[in-house]
Amino acid sequence: MIKDSIDLYIISLKDFAIQKGQLDQQQVVISFFVSSDDSWICLNQDAVGIIFYQIISLGQNQISLRLACTNTLVNYYNYLLIKNGSILITINYWIGFSIFDITELAKQIDSGQSNIEMTSLLQNWWIDSTYAPYSNALEINQEETFLFVAFRSVGFYIFDIQNPSQPQVVQLIQIQEDIIQIIQSYKNPYVYIQTKKRILVYKKVKANFQNKYPNLFNKHASILSTVIDTSQTKQIKLLPDNSHMIVCCSSYGLNVLKLNLNSILQPLEIVSQINYSNKFDSFLIFSNGQLLILSVQDPNGFYFDIYNLSNLISPQRVDRILLDYKDINSITLSKDETLFIFQSGNNIVFYEVSSIQFKYLNTFNINSSPIVKQSSIVILNGFPYILVLIQEQSITAIQISNFNKPQISSVQESLGAVYGIQGTYQSHFCFIADGQQGISIIDLRELPNIVIMTKISLNGYQVNLSLLQNDNYIISSQQSGGQIQLINIFNINEPYIMSQTQFENESSIATEISQDLNHLLILNSQGIRILPIKTSFLINFEFSLLQNTNSGQQQQTMQSTENLILEVGQNLIVTLTSIYPQKNATITNAYFAQKNKLQTLPSWLSFDNHLNQLQINVTKESLTGLIQNNNTNIQIKFNNVVFVTKVQLTETSFIYQDNNTGSYIITDVQKQRCLFTSKVIALKFFESSMSIQIDKMSGKFVLKNYPGVITLFSKEQDMLQLQGDITYLNQILTQQIQVYFYSNTYTKSKVEIQSTQSLQAQVNRIFSDSIIYIDTLNTIQFSFNTYEYTDFKDLTFQAFEIKGDNLVPVSAQTDQISFFPQQLMFVIKPQISDYSNQFCFIVNTTDSYSWVHDQFCVKANGISMVLFLNWVFKYLGSTLFFLGLLKYWYLLFNLIFAKKNKYKEVQLASGQEFIQKIILVTMKNSINMLILKT
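Just so we're aligned: the sequence shown equals residues 27 to 960 in the working numbering.
Quick caveat, the hints were computed from the structure, so don't treat them as lab data.
Because the structure is a prediction, the values reported are computed rather than measured.
Just so it is clear, CB atoms sit at the ideal spot from N, CA and C, and this is done for glycine as well.
Hints are supplied without guarantee of correctness; some may be wrong.
[Said to hold, decoys possible] With beta-carbon atoms standing in for the labels, derived distance ranges:
{"no.": "1", "residue 1": "N428", "residue 2": "S313", "range": "42 to 48 Å"}
{"no.": "2", "residue 1": "N517", "residue 2": "Y160", "range": "33 to 39 Å"}
{"no.": "3", "residue 1": "N326", "residue 2": "S257", "range": "56 to 62 Å"}
{"no.": "4", "residue 1": "N615", "residue 2": "S427", "range": "55 to 61 Å"}
{"no.": "5", "residue 1": "I44", "residue 2": "Q134", "range": "25 to 31 Å"}
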């Protein structure tokens with residue numbers, strides 16, 4: 027700055043020629059940078075903000091600067107340009123960092139405008155609003171996904187900026203020095219940190235997360251594209267090139283879209299469009315991606331258009347098949363692409379496919395009532411059958427060994443039957459999206475019979491399935507709530523949900539997975555959402571071997587998990603770091619998993635939850651899983667350790683941010699109705715149903731399936747109907763039916779545990795004056811309604827016996843006093859030596875957020891009649907027996923032999939069965955028969 031103006035010089039490093047420009051500005055220039063193509067310059071002027079100028083060369087060593095764009099809310103001391111110059115990242119020493127989309131600036135800089143839009147994605151942001159970075163150090167990784175930002179006297183943060191408007195903390199490297207600069211090597215895996223005193227070198231290592239499966243946790247990094255209207259779209263398909271997709275919708279026609287994941291604002295671009303004035307139904311793409319079959323609804327009927335996709339910019343129609351049908355429910359293609367089938371009402375039509383020629387074969391009527399409106403067809407590979415899924419009606423197996431004479435083999439009723447897909451690697455299974463019934467897995471080896479071998483219960487109405495990773499996983503999506511689940515089917519008999527996610531106010535009509543398994547494409551009424559599923563940032567595992575040095579000290583040596591073989595006597599330390607994507611996630615405990623059960627860690631394993639370290643001491647006991655056979659074959663039994671991670675939940679952790687979760691408890695249990703016969707009591711349970719309704723203004727039912735019954739919801743989710751066996755209805759009603767309760771403050775309600783009735787009062791109702799019996803098992807079980815809480819299962823109980831000033835824990839393993847927390851029950855057996863002693867206990871109850879405690883006392887003063895008689899007969903038994911025989915001999919003789927004396931008179935009512943237990947004191951059968959006749 028010279029006087030009241032700013033001089034700018036461009037100096038050539040070849041001939042040292044100088045070009046000079048001047049601005050009539052008085053503010054101090056803090057920093058500036060020039061675009062890579064030398065077309066514009068950005069200056070940061072103190073108390074003004076950032077200003078973009080177009081650079082215009084005037085010749086004669088003169089340049090002119092034309093104002094193009096300004097932002098007065100941001101000052102920067104350092105910057106980064108990423109995504110081919112379309113994204114600008116700046117950092118302010120005193121505030122935080124900002125991210126701008128300058129795509130329009132780069133496009134319109136030559137237009138001469140002075141008000142070009144610069145979209146702010148993130149402005150003056152820092153992880154803690156009460157602090158600032160107090161540093162200018164800024165760097166980005168080569169993939170331009172992780173941002174390194176220094177934090178004075180703390181270290182530097184690594185942020186995931188795949189979604190720039192919501193940065194996520196990946197890791198914090200602690201360095202208690204002032205960081206001046208961060209530089210990443212583009213050739214070597216090193217990051218250099220320059221401080222005032224030294225240069226630190228950090229090596230980038232690939233995180234060892236022990237997860238080989240896709241995940242649904244990268245919700246923050248997802249992008250929603252609204253480039254086309256998808257409100258009437260039911261299907262998307264990714265082409266084999268993994269960068270283009272086909273979308274058909276009524277308002278935009280046939281669309282070819284290109285994935286541009288470098289653009290945050292426009293991840294999908296329209297490559298070409300073919301407009302149709304008619305409604306689309308569905309489409310198919312051949313495996314090579316060169317041929318497309320499009321089903322079009324015309325006022326006069328349906329027809330198929332065949333397109334060649336070799337030129338995606340201008341797809342060419344190569345054929346049109348006119349049909350004499352009023353509607354088409356579904357179309358499908360065999361795996362070898364030689365058989366094409368579509369369904370119209372009750373008619374199934376077969377075509378033979380050769381190259382791009384379609385030859386009509388036959389039409390088969392399945393005689394369905396009512397007429398089919400929605401259906402899906404699965405052509406089975408390796409089996410001479412097709413499965414016809416008639417939505418909310420049935421699953422039908424049709425034998426097609428002879429296309430001229432198809433035959434219905436079997437029919438299975440189903441209230442779902444929405445969509446089906448045959449496994450590729452597990453081709454003897456067919457997976458059905460079964461609506462409210464979740465997912466059904468059919469064993470195709472049992473054909474012609476339809477045998478559902480496994481059912482997976484899921485929330486909501488399942489409409490779509492995708493198989494991935496050798497058919498070991500399913501990604502299922504539901505329409506109404508938009509929930510997406512990742513399901514492990516490695517063991518087909520015991521599938522389980524691994525993770526799930528949901529985007530608020532978005533349905534999930536269909537999903538598509540890229541062939542490289544990097545992204546999940548979700549079609550919904552709002553647009554197409556792109557969710558990264560490749561990286562699984564959960565827990566990082568580091569392995570180090572504990573060894574003794576020559577000086578006798580112990581040191582840890584980092585180990586690779588590949589070919590790591592341990593010997594007896596060695597110690598391995600596994601350090602766990604929970605770094606992403608949840609904040610403040612802590613590993614609280616570790617369990618030993620054996621035979622599908624969680625057990626406490628054995629003696630050769632120890633876990634330190636403060637250091638997050640698992641230590642493995644290799645002993646002979648730890649090698650019990652190794653079985654050596656003839657010194658040749660060694661069978662290894664894998665042992666698993668399960669770690670429990672506690673995650674801090676926020677309002678955004680819940681599916682609906684403006685709703686509170688609660689429970690609607692229903693205590694009205696219906697009675698079982700039975701049919702009785704005169705000889706055998708036969709129970710027959712009737713199919714029953716019941717409806718529950720809540721006020722719309724109060725909340726709505728959670729879209730979930732309840733086991734054993736058919737679950738139906740009204741459109742507004744204020745009415746719940748359960749249909750099925752009354753036994754299952756009773757089980758559900760005694761549990762809790764989930765409801766979302768609305769709140770005016772939109773905050774999560776805090777539930778406090780309160781005691782409704784004291785433990786001592788309950789004891790006094792069971793045992794008079796709290797007196798229990800000696801040498802007897804005294805059972806004291808408290809009511810589950812002791813505490814005002816939504817779910818008894820969420821509570822944790824601890825019991826202590828008061829002995830003087832000490833509290834002694836009580837568990838289920840002790841002999842004299844046992845406590846069973848799941849039943850809230852004590853079992854006490856006082857000894858004879860405990861006569862007149864008092865036992866006092868304290869019970870602590872917690873839900874991990876709040877707690878309450880209560881106590882009660884009992885006194886061992888009672889002597890049971892059985893115990894008294896045992897004492898009497900032990901010391902006076904023989905004498906009393908002899909005297910008793912002398913005194914009561916006549917009565918005993920008369921009771922046995924006199925016919926007129928009946929043992930007992932019982933009036934039997936009509937229709938009742940009567941069983942009387944009689945003890946006979948003689949061995950003569952004739953006398954026994956006389957007594958029985960009386």
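To see whether the hints hold, each was checked on the structure:
1. N428 with S313: 42 to 48 Å: violated (27 Å)
2. N517 with Y160: 33 to 39 Å: violated (53 Å)
3. N326 with S257: 56 to 62 Å: Check failed, 26 Å falls outside 56 to 62 Å.
4. N615 with S427: 55 to 61 Å: holds (58 Å)
5. I44 with Q134: 25 to 31 Å: holds (30 Å)
Comparing the model with each earlier hint shows violations of hints 1, 2, 3; every other hint is respected.
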